[in-house]
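J.: Protein chains in written order, with this note's numbering: chain A, 82 to 584; chain G, 82 to 584; chain H, 82 to 584; chain U, 82 to 584.
Check before you lean on any hint, since a few could be wrong.
Since the list gives no way to pick one copy over another, a pair counts as held whenever it fits inside one copy or between any two copies.
[Claimed, not checked] Think about it this way: if two alpha-carbon atoms lie no more than 30 angstroms apart in a straight line, the pair counts; the simulated DSBU-like pairs of lysine-lysine are: (1) 154 <-> 565; (2) 190 <-> 127; (3) 213 <-> 123; (4) 328 <-> 190; (5) 168 <-> 435.
Since the hints were derived computationally from the structure, they do not count as laboratory data. Nothing here was measured: the structure is a model prediction, and the numbers come from that model.
There are 4 protein chains.
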Amino acid sequence: MARVWSLQEVAQHNASSSCWVVINNKVYDVTDFLPAHPGGDKIILKYAGRDATAAYEPIHPKDALDKHLPPEKHLGPLDSAGTDVLKEEQAARRKTQDEIRVEQARARKRPINQILSLQDMEDVAHEVLSYKTWAFYRSASDDEITYNENRRAFSRFFFHPRVLRPVSKVDPSTTILGFSSSLPIFVSAASLGKLGHPLGELNITRGAGRTGIIQMISHYASVSRQELAAARISPSQPLFFQLYKDKDDKVSEKDLHEIEGLGFNAVFLTVDASLNGNRERDLKAPFELEAQERLLEEAQVAGKGEMPERPEDADNKLVEGELVLVGTSGGLRTTSDLDMSWSRTLPWLRRTTKLPIVLKGIQTVADAVMAVEAGVEGILISNHGVGHFAELFCSSLPPIEVLYRIRKERPDVFDKLEVYIDCGVHRGTDVLKALCLGARAVGLGRAFHFAQSAYGEAGVVQTVRILQREIILGMRLLGVTSVKELVPEMIERVDWQPLLSKM
Amino acid sequence: MARVWSLQEVAQHNASSSCWVVINNKVYDVTDFLPAHPGGDKIILKYAGRDATAAYEPIHPKDALDKHLPPEKHLGPLDSAGTDVLKEEQAARRKTQDEIRVEQARARKRPINQILSLQDMEDVAHEVLSYKTWAFYRSASDDEITYNENRRAFSRFFFHPRVLRPVSKVDPSTTILGFSSSLPIFVSAASLGKLGHPLGELNITRGAGRTGIIQMISHYASVSRQELAAARISPSQPLFFQLYKDKDDKVSEKDLHEIEGLGFNAVFLTVDASLNGNRERDLKAPFELEAQERLLEEAQVAGKGEMPERPEDADNKLVEGELVLVGTSGGLRTTSDLDMSWSRTLPWLRRTTKLPIVLKGIQTVADAVMAVEAGVEGILISNHGVGHFAELFCSSLPPIEVLYRIRKERPDVFDKLEVYIDCGVHRGTDVLKALCLGARAVGLGRAFHFAQSAYGEAGVVQTVRILQREIILGMRLLGVTSVKELVPEMIERVDWQPLLSKM
Amino acid sequence: MARVWSLQEVAQHNASSSCWVVINNKVYDVTDFLPAHPGGDKIILKYAGRDATAAYEPIHPKDALDKHLPPEKHLGPLDSAGTDVLKEEQAARRKTQDEIRVEQARARKRPINQILSLQDMEDVAHEVLSYKTWAFYRSASDDEITYNENRRAFSRFFFHPRVLRPVSKVDPSTTILGFSSSLPIFVSAASLGKLGHPLGELNITRGAGRTGIIQMISHYASVSRQELAAARISPSQPLFFQLYKDKDDKVSEKDLHEIEGLGFNAVFLTVDASLNGNRERDLKAPFELEAQERLLEEAQVAGKGEMPERPEDADNKLVEGELVLVGTSGGLRTTSDLDMSWSRTLPWLRRTTKLPIVLKGIQTVADAVMAVEAGVEGILISNHGVGHFAELFCSSLPPIEVLYRIRKERPDVFDKLEVYIDCGVHRGTDVLKALCLGARAVGLGRAFHFAQSAYGEAGVVQTVRILQREIILGMRLLGVTSVKELVPEMIERVDWQPLLSKM
Amino acid sequence: MARVWSLQEVAQHNASSSCWVVINNKVYDVTDFLPAHPGGDKIILKYAGRDATAAYEPIHPKDALDKHLPPEKHLGPLDSAGTDVLKEEQAARRKTQDEIRVEQARARKRPINQILSLQDMEDVAHEVLSYKTWAFYRSASDDEITYNENRRAFSRFFFHPRVLRPVSKVDPSTTILGFSSSLPIFVSAASLGKLGHPLGELNITRGAGRTGIIQMISHYASVSRQELAAARISPSQPLFFQLYKDKDDKVSEKDLHEIEGLGFNAVFLTVDASLNGNRERDLKAPFELEAQERLLEEAQVAGKGEMPERPEDADNKLVEGELVLVGTSGGLRTTSDLDMSWSRTLPWLRRTTKLPIVLKGIQTVADAVMAVEAGVEGILISNHGVGHFAELFCSSLPPIEVLYRIRKERPDVFDKLEVYIDCGVHRGTDVLKALCLGARAVGLGRAFHFAQSAYGEAGVVQTVRILQREIILGMRLLGVTSVKELVPEMIERVDWQPLLSKM
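Looking at chain A on its own, in the form it has when it is part of the complex (with noise of 0.2 angstroms):
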């Protein structure tokens, strides 16, 4: 392993039978994982004796070369030669036009005491990211209608304000779980935060505990959990673990073992959307990224109507092999466990963790009646993992909806079990409508990401900041001074659309 490669001697293991490729200035002999790598070999055969650090880093955590990796096939250094040749031919790369506009975008960003809401923040992580972050963030033009239709949703439920009630006096804070938080507010999963900004998840991690609220982390972040746990404000700091379960369950076990252990304080088993298409992307985010964002390439190169050069025989392969494949198993993978049942997955995680259970992914009242009798101790409503997915968005109840439709067919779930609700939300005053209808905290995922990418730390805290101002606002407008007095008396659903600006 002490030895060092010239990049002559890699760029002889540029095919299938033998495959090596430069990380960071060290060679990896990955022949052997190419079958095994979840997002195809495909991907990384692109990089067979090359370097591969640009398009491994941003994606993948520090400790994952190391867990997927044996120890031989570390290979060593680069050579002192190659690593020169590697630096000047990164100096010398012309920059994209969109690597420009983003470069002039960060050097004229207004100052972040002028972002005064959620939209504000994410109009600065607009302009701010790449072409392709961006896409990936916020699933390009068709997710907007996602967004759009979260927003609508929100939109028809009004409240009914009362006065004359003393609110000098506000308390917004709440507990999840039984943990204290400043906000009825907590960070839902985000992966792939270094996409955004170079210290990625961490930034969240960080603003989380400046704030006081907690922050759920992603199975798939882009930072080790390790890192995260290490990057608490005080041991105390409460922190969440999302599970994609694995169909092998000691998989999963170790995997609730090693979050135990750091100290998480509950785990939000994901039920909607290991089976997803987008979500897979996450599942198996810092493996196939590369894939994915070549497919957006193309998508892009399409959309405008300019043919992108491949040999016509690739493309006959992709016909009769990618599709049908994807056609036949649905987008399924082969480490997500999609057998998971109420009847067998439920006692096998409370077997396995002492640690809180909430369900992620709850879209229906019944599903919310089933959690209360499998005893869990808390559901996520959402249909972020679906949203993603655009064409099934259109089919996918709005969070907002859902909860309002347990609140009047059954609202004895909220005495059994908390009840959380996430996507969509973009003000103050979208977390008081889900509190009013029984919610007992609000998620939020992307705007946390956003807020990273544009200012890391700061926009996390701002983020916390507007929202509380907007939350403390609102209650006061409402007359109320906790958040036990929000009620559902105090909202109602109309039946008319309002109109909404930046639609």
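We have chain A already, so just place chains G, H and U on it with the hints.
T.: What follows is chains G, H and U alone, placed relative to chain A:
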């Protein structure tokens, strides 16, 4: 008949008193046929004494001349000088703007593996089809409304997706009238396929066979029934036949005899559109399209505010004649049966054929119940025929809405016969919605037209694969593993109108 | 009276103390008429001592001067020198931009046989009418709302088309107040037809006669009642009369006497619009249009942000005067009867005429019931009058909605008298919808204005033929063969709003 | 105090340790006032040692300096050299783009007699107001939503106009709290009128007097209460007072004592907006607007994607400071009473004043009932305060909707006290709709701001006349002759959303 003819000889028969035309270098005397041409004599006289191949070819099946013109009117071949002249004229002809556009579009057509949705496929078809063909398939801009309203109707139905159900194994197959189908979809009748691709409906027959779905063949396909039957992947590949009943029972009995002999498996009797403007065009389409294209051209010119050159008296004549005629007849054609009835037509059809009978074009709960009482095997709810007629669209309920009314008012219908819908389907989720409400299968017509126009048989296969992937993914997200599990409790009609993209 | 006058002589009577005008080379002393001119004296004084033909001609019927000016004020002809001067001035006048535009549009007007819908007809009218006339007919842009809302109302009603019913023979004829009509439509009152075409309302009388439908003639038609009666195709062609009741009963009695003498067949008493801003303009239109056109011009100029030159004090005067007056009177004119009542007016009308009586302008179920109790022969539900007044539109239900409420709340009304609607009809299907709900017939006003403006009598005929074709086709698609079979079960009001084109 | 000061002397007091400013050529020592300035010290320090007239003048009433600065801080006049310098500087100052635009717009302002609707008036105001003032009055683009939603709410209410009722004599007058009003409208509180016109709220007082309607004067008018009271047309012209209660009862008691002494006739206690962002701006507006304008400028610049020059640390400071403060306090100001209650505040107010009491800002049926039980004389339903705060708008029901709910759920409220609404009124028909539902009168705030900004007192009069004309015409069309006859049967809320122009 062995005689050869010069262009000069042909040119002398250029009037209604003696009218000859050249088609594929053969000379025909159509003088006696002039009054019998359902599209009127004018469109033929336009080519009197001249070559008519370019206008005739793409809309008539191969056996049309044999069927409609007695042998003695097949006068024989053009001489070689004439053949050369026509070839030269063809070569010398300057391409139109639209032809140039189409050529360029075909050259940079995106690879088929980039086609990820039916919208993508339609977009490519739009790019590569001539203006006239696109206008025929989409019925120009007015029809945009039909299309959009049908999409909007689907978007008002939302799923109730269930979680924690084992979905690793999903089987989307079903049977239609007892015949196996790999997916709960079928090809709805679509005519004039050769306008979009030289092989026309053959592409669909082959693609359907390869992917295990069933094709309903248009009464007025641009490929003959014999050729289509012969194109089956295997003798057991099922084929359905769309029947426009003739007012002369014997004509239709001959049709039914023919398709039974060819091994077709069911009859879809069109009950709604035999008197509809554009339906009539389909009905007599091989003979009428030329006239229609002229109208299209005029409409196009008129739409731009430019006045086509035309003698004033021709206009006056049309005022006095054509519209009055249409006005008093409602577009009636002499051959279609406008006096079909429950009491006479269905018993006749049952006596005439042993094949299963489906009524195509049911639009009300009341007629669905009538169909049950009449003992037919199935009904196809459709506003396709009406949909073509833009003026009536806003008056005709989208099929998914009719299906919903049957579910609410007369759910027993679903136990007595098979119910299908078509129109407006553009996603696998649309199919699943119809199945949740009680439909057995969902037909797609235009989608397959677009697909074969854009990529031939491969386009048809790709379309099925896209739907397959979306249906399987959708079933997993809903928590079901077979189409039987798709039940009304899994769907809800909401009281707001989601915004759609591309509208 | 035989004396001839020079322009110089006329020119000396250019003040309110002595005011002469020249019309068609004849000289009139209108000094005493000045205070009696319902449009105010200013508009006349503008032409004092000058030729007023161009302003007078297109809005006054031929008999207006005889009716309103005593014989001794008809001073006699202009001398030949003056006639020549006026002719030269007319010839030398430079055409306005708008006149040039209209001339060009008329020259390249599309052939009438290309007019396939009422929208096509309106489009041509828009092209060939002067800005001012179009503005009067369409009430400029604001009225777009009225028009659209009425169309949107129709689009919320969907058919339940029945199949397998013999429809080869369809009879769309009906009777209106016992008079035969080839279609269930009639011409609703429309005034100032000469603005659009030199023959004005005569085109409509003739076209209606030729196609077998009935015309309701406006109280303030720009062609005299005698001429219209004389233009009937046959003496038995029915004519209806629209009455604006004068506050002096005797004036209206004289009107009724006149039209009875001319053989009119029914009286439509306008009950809604006699005090409406724009209705007033119709009411006194022949005398007011000049003033109105000046306002239009100003509004047009003001709309462009350009300030017309005008003395400051004139503005101030208007502030103090005109608007205050209008403000306190609500636009009240001295001659219209604002105090009509069920108890007084209807008995008076019944006593005064033997003709059938229809109340034009009913807008509520309650007044429909009142009409039944008052024993009139029919009611015309309309927001036409109100519709002209854009500010009130959003407050006035579209007639099809009022009809729907009568059907739901008091269906017995339809058994007691005939119910008609007008406003917003642009398709044969709109007519059928109204008939399904219980209407006897449907009126079209503006559509015939546009038609005669664009193509004269031929345009009127073409409009009827288009509707005939659409009505017959629609009846076939619904499965009915006579208007009697159009029943409420065939229509449904949906809870969503279809999108419309051209909006 | 008789001493004169040079600009050089003043210039030395340019820090927080000693801060002098020049206003209207007089020198003031505001050092001690700095910490007490509700708008913060920064905005004053910006002008420390300099002339502050241009910033101070348009937002402070004449008596502000006397009220807030002790006599010994009025240091005396600037010397004549200094006066000359300031005059020259003023003359030499280059006009901004916006100032030039405004000047041009004022020069070509259309004559007032062309203003035929409130929309016309607003359009002119938009043209002639500076960007900043328009942004303040309309709260920039976001507020467009509020405005549109309130208009959309009115448009969902349709009339049932009755016919054949004598309407020649119509009386639109009413009483409000027993005081005569020529129309069922009043001026709702509007502050900072001098921003739009040098005479500010005085224009409204005079215009209201001339037209016989009643003005509610803003607690924070830019003209002093004394001046406004003195501007009354006659001593009997009623004036209402809008009270923002101070947390120190004595401060408010002094206010009430003052306005009683000036002959005001009623107190409108603001119960909703004392803690609202923009309401706060009104509350402390004279002192805060300068700061606000800076924010506006920044927002404007930021909106264009240009970054204003500013030291980095200032930004950071704001992040740590300002937003946290706002975030934790919800925008709380120390002087407004956030602890008002039914049990304490209303008895106090009743004890303190003999004037009739109206609660301004009721938004629910429940609080309307509470108001009845509390025995107040009236309630004003309003989302004006909330409306200014765009983020909350979609959560606050339009007043006409709240009125409708009171009518449906608790019609007895209308018998116990007077009910008013404001917000979104732009037509006489809007007023009539509210009256049909039970409102006594309708307030307009912004409309009068726009009117006086555009045309001074004449604009106010014109606005009343437009509404008068529309109200009288509307009453005639409805078939009523007095406001008493406007009853719930005359109005209906429909289930569709009409399209509006100008949206």
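J.: Indicate, hint by hint, whether the structure satisfies it.
T.: Hints versus structure:
no.: 1; hint: 154 <-> 565; in the structure: neither (57 angstroms within a copy, 50 angstroms between copies)
no.: 2; hint: 190 <-> 127; in the structure: between (35 angstroms within a copy, 25 angstroms between copies)
no.: 3; hint: 213 <-> 123; in the structure: within (20 angstroms within a copy, 43 angstroms between copies)
no.: 4; hint: 328 <-> 190; in the structure: neither (45 angstroms within a copy, 41 angstroms between copies)
no.: 5; hint: 168 <-> 435; in the structure: neither (49 angstroms within a copy, 79 angstroms between copies)
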